[in-house]
Amino acid sequence: MKDKFYAYIQALQNTICDKLEAIDGSATFKEDLWERPEGGGGRTRVIQNGNVFEKGGVNISAVHGELPDSM
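Its first residue numbered 79, the sequence shown is counted upward by one per residue in my numbering.
Don't read these hints as lab results, they were simulated from the structure.
The C-beta atom is built at its ideal place from N, Cα and C for all residues, glycine as well.
Please note that the accuracy of each hint is not assured.
As the list claims (entries may be wrong) - With beta-carbon atoms standing in for the labels, derived distance ranges:
id : residue 1 : residue 2 : range
1  : I101      : S148      : 40 to 48 Å
2  : V130      : Y86       : 23 to 31 Å
3  : L90       : D147      : 29 to 37 Å
4  : W112      : P146      : 17 to 25 Å
5  : L145      : I101      : 37 to 45 Å
Given these sequences and hints, build the entire structure.
Structure representation (C-alpha coordinates):
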(Lines of atoms letter the chains of each structure in order from A and count residues from 1; the text may use other names and numbers.)
(Lines give C-alpha, C1' and ligand atoms only; values in the text may rest on other atoms or scores of the structure.)
Protein backbone atom coordinates (compact mmCIF):
# COMPACT_ATOMS: atom_id res chain seq x y z
CA MET A 1 0.00 0.00 0.00
CA LYS A 2 2.86 2.39 0.83
CA ASP A 3 4.43 1.93 -2.63
CA LYS A 4 1.07 2.36 -4.36
CA PHE A 5 0.40 5.61 -2.49
CA TYR A 6 3.89 6.98 -3.23
CA ALA A 7 3.42 6.17 -6.93
CA TYR A 8 0.13 8.11 -6.84
CA ILE A 9 1.85 11.12 -5.22
CA GLN A 10 4.64 10.99 -7.83
CA ALA A 11 2.07 10.98 -10.62
CA LEU A 12 0.29 13.92 -9.00
CA GLN A 13 3.59 15.83 -8.75
CA ASN A 14 4.23 15.11 -12.45
CA THR A 15 0.80 16.48 -13.38
CA ILE A 16 1.24 19.62 -11.27
CA CYS A 17 4.69 20.31 -12.73
CA ASP A 18 3.50 19.72 -16.31
CA LYS A 19 0.60 22.16 -15.84
CA LEU A 20 2.80 24.83 -14.26
CA GLU A 21 5.37 24.52 -17.07
CA ALA A 22 2.55 24.95 -19.60
CA ILE A 23 1.30 28.05 -17.80
CA ASP A 24 4.80 29.54 -17.69
CA GLY A 25 5.61 28.69 -21.30
CA SER A 26 9.36 29.07 -20.83
CA ALA A 27 10.88 27.58 -17.68
CA THR A 28 11.13 23.89 -16.84
CA PHE A 29 11.47 22.12 -13.51
CA LYS A 30 14.85 20.84 -12.34
CA GLU A 31 14.70 17.69 -10.21
CA ASP A 32 16.67 16.60 -7.16
CA LEU A 33 16.16 13.11 -5.72
CA TRP A 34 17.25 12.78 -2.11
CA GLU A 35 17.48 10.09 0.53
CA ARG A 36 17.21 10.40 4.29
CA PRO A 37 19.84 8.34 6.17
CA GLU A 38 17.29 7.42 8.84
CA GLY A 39 14.88 6.08 6.20
CA GLY A 40 12.94 7.34 3.23
CA GLY A 41 13.53 10.17 0.81
CA GLY A 42 11.86 12.41 -1.68
CA ARG A 43 11.83 14.35 -4.90
CA THR A 44 12.32 18.11 -5.03
CA ARG A 45 11.45 20.03 -8.19
CA VAL A 46 12.22 23.72 -8.69
CA ILE A 47 11.18 26.08 -11.49
CA GLN A 48 12.79 29.50 -11.86
CA ASN A 49 13.41 32.51 -14.10
CA GLY A 50 10.34 31.91 -16.23
CA ASN A 51 7.79 34.14 -17.91
CA VAL A 52 5.39 33.75 -14.99
CA PHE A 53 7.29 32.16 -12.11
CA GLU A 54 10.34 33.81 -10.59
CA LYS A 55 10.91 30.74 -8.43
CA GLY A 56 8.74 27.92 -7.12
CA GLY A 57 8.88 24.33 -5.97
CA VAL A 58 6.75 21.19 -5.92
CA ASN A 59 8.14 18.70 -3.42
CA ILE A 60 7.23 15.25 -2.13
CA SER A 61 8.74 13.15 0.63
CA ALA A 62 8.15 9.82 2.30
CA VAL A 63 10.24 9.34 5.41
CA HIS A 64 10.21 6.61 8.03
CA GLY A 65 12.14 5.53 11.07
CA GLU A 66 11.90 4.96 14.79
CA LEU A 67 9.92 7.38 16.94
CA PRO A 68 11.54 8.55 20.17
CA ASP A 69 10.10 7.21 23.44
CA SER A 70 8.78 10.71 24.24
CA MET A 71 6.24 10.35 21.44
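Each hint tested on the structure:
As the Cβ distance of I101 to S148 is approximately 45 Å, the hint placing it in 40 to 48 Å holds. Taking the beta carbon of each, V130 and Y86 are about 27 Å apart, inside 23 to 31 Å as hinted. Restraint check, L90 to D147: a C-beta distance of roughly 35 Å satisfies the suggested window 29 to 37 Å. At roughly 23 Å, the beta carbons of W112 and P146 sit within the given window of 17 to 25 Å.
At about 40 Å, the beta-carbon gap between L145 and I101 stays in the expected band of 37 to 45 Å.
Checked against the numbered hints given earlier, the structure satisfies every one of them.
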